[in-house]
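If you want the building blocks of each chain, they are given just below.
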Amino acid sequence: MGQFGLGQAITRKEDARLITGRGRFTDDGPPPGCAHAVFLRSPHAHARIRSLDCTRALSMPGVLAILTGAELDAAGIGPLPCTTLYENRDGTPMAAPERPVLARERVRFVGDPVAAVIAETPHAARDAAETILVDYDPLAAIVDTGRALDPEAPQIWPEAPGNLALDWETGDAEAVDRRFAAAHRVLELTLVNNRIVVNPMETRACLAEYDPGTDRLTLTVGSQGVHGMQRILAEKVLRIPREKLRVVTRDVGGAFGMKIFVFPEYPVCLHAARILRRPVRWVAERTESFLADTHGRDHVTTVSIAVDADGRMTAIRASAIANLGAYLSQVGPFIPTECGAYMYTGVYRFEAAHYRVRCVFTNTAPVDAYRGAGRPEAAYAVERAVDFAARELGCDPIAFRRRNFVPPAAMPYRTALGYTYDSGDFPRLLDAALARADVAGFAGRRQAAAAAGRLLGLGVAYYIERCAGGSPEEARLELRPDGRLRLYIGTQNNGQGHETAYAQIVADRLGLPFADIEVVQGDTDLVASGRGTGGSRSIPIGGAAVLRAGERLVARARERAAEMLEAATTDIGFAEGSFFILGTDRRLSLVEVAAAAGGLEESDSFQPEAPTFPNGCHVCELSIDRATGVPRIERYTVVDDFGVVVNPALLAGQVHGGLAQGIGQALLERTVYDPESGQLLSGSLMDYVLPRADDLPAFDFDWVVIPCRTNPLGVKGAGEAGAIGAPPAVINAVVDALAGYGIHHVDMPATPHRLWRLLERVGALLA
Amino acid sequence: MHIYERPRDLETALALLAEGDWQVMAGGTDIYPARVDRPLERPLLDITAIEALHGIEETGEGYRLGACLRWSELRDRPLPPIFDGLRKAAATIGGRQIQNRATLGGNLCNASPAADGIPVLMALEAVVELRSLRGVRRIPLVDFVRGNRCTALAPDELLTAVLLPRPRGRSRTTFLKLGSRAHLVISITMIALALDCDPAGRILRAGVAVGACAPTARRLPLLESRLLGRDLAEPLATAVDTAVLAPLAPIDDIRGTAAYRRRATLVLLRRGLAELATPLRGAA
Chain A
1 MGQFGLGQAI
11 TRKEDARLIT
21 GRGRFTDDGP
31 PPGCAHAVFL
41 RSPHAHARIR
51 SLDCTRALSM
61 PGVLAILTGA
71 ELDAAGIGPL
81 PCTTLYENRD
91 GTPMAAPERP
101 VLARERVRFV
111 GDPVAAVIAE
121 TPHAARDAAE
131 TILVDYDPLA
141 AIVDTGRALD
151 PEAPQIWPEA
161 PGNLALDWET
171 GDAEAVDRRF
181 AAAHRVLELT
191 LVNNRIVVNP
201 METRACLAEY
211 DPGTDRLTLT
221 VGSQGVHGMQ
231 RILAEKVLRI
241 PREKLRVVTR
251 DVGGAFGMKI
261 FVFPEYPVCL
271 HAARILRRPV
281 RWVAERTESF
291 LADTHGRDHV
301 TTVSIAVDAD
311 GRMTAIRASA
321 IANLGAYLSQ
331 VGPFIPTECG
341 AYMYTGVYRF
351 EAAHYRVRCV
361 FTNTAPVDAY
371 RGAGRPEAAY
381 AVERAVDFAA
391 RELGCDPIAF
401 RRRNFVPPAA
411 MPYRTALGYT
421 YDSGDFPRLL
431 DAALARADVA
441 GFAGRRQAAA
451 AAGRLLGLGV
461 AYYIERCAGG
471 SPEEARLELR
481 PDGRLRLYIG
491 TQNNGQGHET
501 AYAQIVADRL
511 GLPFADIEVV
521 QGDTDLVASG
531 RGTGGSRSIP
541 IGGAAVLRAG
551 ERLVARARER
561 AAEMLEAATT
571 DIGFAEGSFF
581 ILGTDRRLSL
591 VEVAAAAGGL
601 EESDSFQPEA
611 PTFPNGCHVC
621 ELSIDRATGV
631 PRIERYTVVD
641 DFGVVVNPAL
651 LAGQVHGGLA
661 QGIGQALLER
671 TVYDPESGQL
681 LSGSLMDYVL
691 PRADDLPAFD
701 FDWVVIPCRT
711 NPLGVKGAGE
721 AGAIGAPPAV
731 INAVVDALAG
741 YGIHHVDMPA
751 TPHRLWRLLE
761 RVGALLA
Chain B
1 MHIYERPRDL
11 ETALALLAEG
21 DWQVMAGGTD
31 IYPARVDRPL
41 ERPLLDITAI
51 EALHGIEETG
61 EGYRLGACLR
71 WSELRDRPLP
81 PIFDGLRKAA
91 ATIGGRQIQN
101 RATLGGNLCN
111 ASPAADGIPV
121 LMALEAVVEL
131 RSLRGVRRIP
141 LVDFVRGNRC
151 TALAPDELLT
161 AVLLPRPRGR
171 SRTTFLKLGS
181 RAHLVISITM
191 IALALDCDPA
201 GRILRAGVAV
211 GACAPTARRL
221 PLLESRLLGR
231 DLAEPLATAV
241 DTAVLAPLAP
251 IDDIRGTAAY
261 RRRATLVLLR
271 RGLAELATPL
281 RGAA
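Just so you know, the protein sequences line up as chains A and B, in that order. Heads up: the first sequence begins at 1 in this note's numbering, then just goes up one per residue. Heads up: the second sequence begins at 1 in this note's numbering, then just goes up one per residue.
These are calculated hints, taken from the structure and not from any lab test. Each hint should be verified, as a subset may be incorrect.
Stated by the list, open to error - Once the Cα atoms are required to be at most 25 Å apart in a straight line, the calculated DMTMM-like pairs of lysine to aspartate or glutamate come out as:
| hint | chain 1 | residue 1 | chain 2 | residue 2 |
| --- | --- | --- | --- | --- |
| 1 | B | K88 | A | D687 |
| 2 | B | K88 | A | E634 |
| 3 | B | K88 | A | D694 |
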């Protein structure tokens, strides 16, 4: 391992560029002659469109075109597809109403796009949009997840009676029923996983260009992988051959799952560029980002656990209602079903498990992937329910977890929901986290806090998630005669540091200088294929593909070196970037071989045979001000098992960012739709509370390496971990702080106001 | 048409105001977010180049603070204890970049119910100086702020200074705010206390004001009168009960309920009084 090899905390290659303002994001440097698109959005949560009149708007100065659903229909543009449709429990197909790119006849959430104005300037477009006359006939709206299935709830889609999109299940209901019937105790908890507005620092934006000479469109867009965007936009929406659309992604200022998807603005801008023969650009204002990005989470879940007389958990049953919003987003139904469903056994030895989810439509923004996508919902439900069960049984939650852990000796372990955990040592990580968090000293700290009018609580959560499953990834390496290496790959950096991590893998295995390695991504013309970034798959799958392509490149070069050294291939060794005849000092560098060959090129792909299972223990110590309800995190400790670590600095960055988002969800972020009008009340950064550095403690983060057995690099994936472990750890701490007052559960976000009301209700308020 | 003027002297500014409909701008931190990416409805009169509107001056009657005084100056300058509360408020107005631009006068003229600068000034019985070609008016801040984003400023007038009366003894002031997170947040409630004491610690004058709990910040006269004549070393928290909150009219919104605002206000008032009871530093 060299200075830039695996395991080194190398400073990010991309930082110098990004922090000196040389990053290039989607909206940077629009081409000359660029026109601007502005979208007219529904002010109603649910309404019939009686008429739409653009006459006056079309005559406004600077207006180039106005597009509505009618124009898109005439141009043969199809609806935005949902690519993950399932069958109901009874075998019938789920309700899959089409989502038109621009609303026709009806609008179904506040922010639903109705028309697009393309003009010379954004001001001209905005002015014109304000003069479009839409005659709306407002209808009753339903926004509340828990009430969407009520018989009296307003109905959104004729194809989805009762607002039910999908009723899906997994697991063995009968085996669970048997264990519940035989249980010593059954504990049941209902909890809300609050809706999250993603809020990347860079709002969504796109630039559409058309080349009449080649009849080819180019879309520059912040994505999580250009190929998926290209395939869906070209084949499903624009209905043109894939090669007629190039998709480019430059620097991306945060994505968190949300930027995977095709949104209505993209095909509209492409079509506008095609008819106007001019570049067309759109950038979301922050308010549009709140209204019209896909949101995350929004589940209401009841979890029941059966426990035997020895305090062992035998079965778990979870029943969720998942809000999908007004339309099926691209993979919306996947998130609460296959993406998260199989994680409802956590790190415990349940003999049987069953999970059912009813996915519902509401008059809210569509819901789709957000950092963790289904797995945080599962981890929150399991880790809250296990903590709750322990307390109800009068057990110490830590000891109760330990008693029920899957033991390391049982690895590989097949869970009751069918996953096989390849590796893991849960007791070891738990012990390490408890020691770092000085849990032994907690009682003393609690006493000191009480004397200062604060209730101190200790919360533990042990999460596990599934990463890096499914689709293959391909990497191509191009070693040029001058020694510079280009790596082409179809995953997409959104700020994680891929340029650095991939270069480290190449530098480590090929012995090339770190500085000579360039990562090429985000262009369908340059990169042959890709499944994109999401679900912590880039390094486990993309990294493994890079490793394999590197091995192929070395094998090819070895043959060439053998010829040049006039030796048999089997006598040629390779170390630290040089080939040598075994047992001699005759050597040739890889670069010399490449130069002699006029450059070398190899590619390979990696298809994982199984997903990976990163896991870890979070310990949160939190105090609550008994007079105001203000919570404060006093200590936060995480010990993770991510398998082999490529770069500890990037890893800490991923964990810290995830923790900020997880703590934000647990304590601050509250998405509020008005129950009557369906207006988004928390529609700006003044009303939607994102965490800031001073709301967070200094994180104490460490890791234990238990190599993944199903991945060539031994890595497990780390992109989502913080956001998965933090919500249950924080809420478990809140509940622990209040346990002395008979409080068993607090829903997220545990805002000062919510905690104050609880303290008031139980008579714990201090004057 | 002029769309932007930045006069260097007050007379020019007042003359422009007398003849046209201007949007007066200082730091621009309220104007900009309200109209980002939109054409301006009125031309801008930038008053930040007018020397007379800057600085802090000690006068015979007390202190004169220029309308264009930036919050970061109040936050960072060494100032006597009478400014302690204002300094704390200054540190909570937006983030540091906002504090570097936003001005005292702008915070008052914008007249948000949640303006962080107003309660302390109200507790200090501040007076605002309004000038026009017609002359000068000096009116108490309490009368200047008339409602949610509504002030007594006439269209041709400019707020030129904030005047703080000289304290009647040693002045002790503080400011406390409750929001959904620590900083850069719209207050759920905030309180300001300004107590003038004699050398023995007896309260000669009490100013108490609460923000974000009514269309404007409000003073609490009952609490003020209860504090008069008491000793700072006494347990003053007993003076704080729900009766003193009568002037407030808090609302329910997504940041908190009216009940929470009332209760949290009581807590902050008691904490503020406890803070001021700690030993005095220096004389004002």
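Going down the list of hints, with the structure as the test:
no.: 1; hint: K88(B) x D687(A); result: 23 Å, holds
no.: 2; hint: K88(B) x E634(A); result: 24 Å, holds
no.: 3; hint: K88(B) x D694(A); result: 17 Å, holds
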